[in-house]
Amino acid sequence: QKEVEQDPGPLSVPEGAIVSLNCTYSNSAFQYFMWYRQYSRKGPELLMYTYSSGNKEDGRFTAQVDKSSKYISLFIRDSQPSDSATYLCAMSEVGADGLTFGKGTHLIIQP
Amino acid sequence: GAGVSQSPSNKVTEKGKDVELRCDPISGHTALYWYRQSLGQGLEFLIYFQGNSAPDKSGLPSDRFSAERTGGSVSTLTIQRTQQEDSAVYLCASSGRHRGLYNEQFFGPGTRLTVL
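Chains as they are written, first to last, in this note's numbering: chain A, 2 to 112; chain B, 177 to 292.
Treat the hints as calculated values from the structure; they're not laboratory data. The model shown is predicted, which means the values in this text are computed figures rather than measured ones. All residues carry an ideal CB built from backbone N, CA and C; glycine is no exception. Be a bit skeptical, because a hint or two may be false.
What the hints assert, rightly or not - Listed below are several chain B residues computed to face chain A (Cβ distance under 10 Å; list not exhaustive): (1) Gln213; (2) Leu219; (3) Val265.
Unchecked claim - For each label pair, taking beta carbons as the anchor points, the in silico distance ranges come out as: (4) A:Ser83 <-> B:Val250: 30 to 36 Å; (5) A:Leu47 <-> B:Val250: 19 to 25 Å; (6) B:Gln217 <-> A:Tyr40: 14 to 20 Å.
With the sequences and hints as input, model every part of the structure.
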């Protein structure tokens with residue numbers, strides 16, 4: 002079992018829909034949780050970062066972490082065609098050097 | 177300001193040849209990271225530099241892989257005697273490092289390596 006599991010999709014939804022993206026993980030020592038967005042042939046860019054459990058909101062994006070269930074989510078409201086990309090969850094232990102990534106979910110927003 | 181840059185953007189090589197991949201981090205960033213993104217495998221952490229030092233090289237896939245960083249800036253990832261399974265996108269990231277705290281990693285566009 003990989004440390005971080007993420008459904009690769011593709012996930013296709015109509016414009017304006019609420020999108021829910023999720024990851025599960027097995028390492029209870031993970032404390033930092035991140036969501037990256039990656040457009041085709043580009044490097045990942047950070048969308049959201051959360052420390053430990055809880056929710057964080059930034060515009061149309063909400064990140065949730067449930068450490069008791071080892072489950073993290075990213076919600077996108079009022080989805081736009083420009084949101085079409087691969088969304089990668091990432092996490093790390095405190096003081097860790099590298100990030101542990103999920104495989105990424107390919108999201109398609111249909112106009 | 178300028179972001180992380182990587183060169184070349186694409187590299188096609190023959191099996192058995194050596195390749196060098198270059199990363200220029202964001203100016204002033206002390207930490208530098210290399211990742212590999214293979215089809216269907218997600219991003220895999222390879223190695224991290226704090227300054228010119230790489231404290232842990234265990235993430236490198238084999239002894240054909242090596243990395244160095246000079247002057248606390250540019251880093252090169254070298255793959256010797258390339259194999260077809262080395263084909264992937266190699267991503268570099270940098271951050272301002274404060275150990276024990278969260279440090280956002282800024283990624284470059286990657287080098288797409290194809291081994292024929």
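Right, here's what the structure says about each hint:
Look at Gln213 (chain B): its Cβ gets to within about 9 Å of chain A, closer than 10 Å, so that hint holds up. Annotation: Leu219 (chain B) was flagged as interfacial toward chain A, and the flag holds, the nearest CB pair being 4 Å apart, inside 10 Å. Interface hint at Val265 (chain B): satisfied, since its Cβ lies 9 Å from the closest Cβ of chain A, which is below the 10 Å cut-off. In this structure, Ser83 (chain A) and Val250 (chain B) meet the distance hint of 30 to 36 Å, their C-beta atoms being roughly 33 Å apart.
Between Leu47 (chain A) and Val250 (chain B) the beta carbons are some 23 Å apart, a value that agrees with the proposed interval 19 to 25 Å. A hinted range of 14 to 20 Å holds for the C-beta pair Gln217 (chain B) and Tyr40 (chain A), which are about 19 Å apart.
Consistency note: the structure conflicts with none of the earlier hints.
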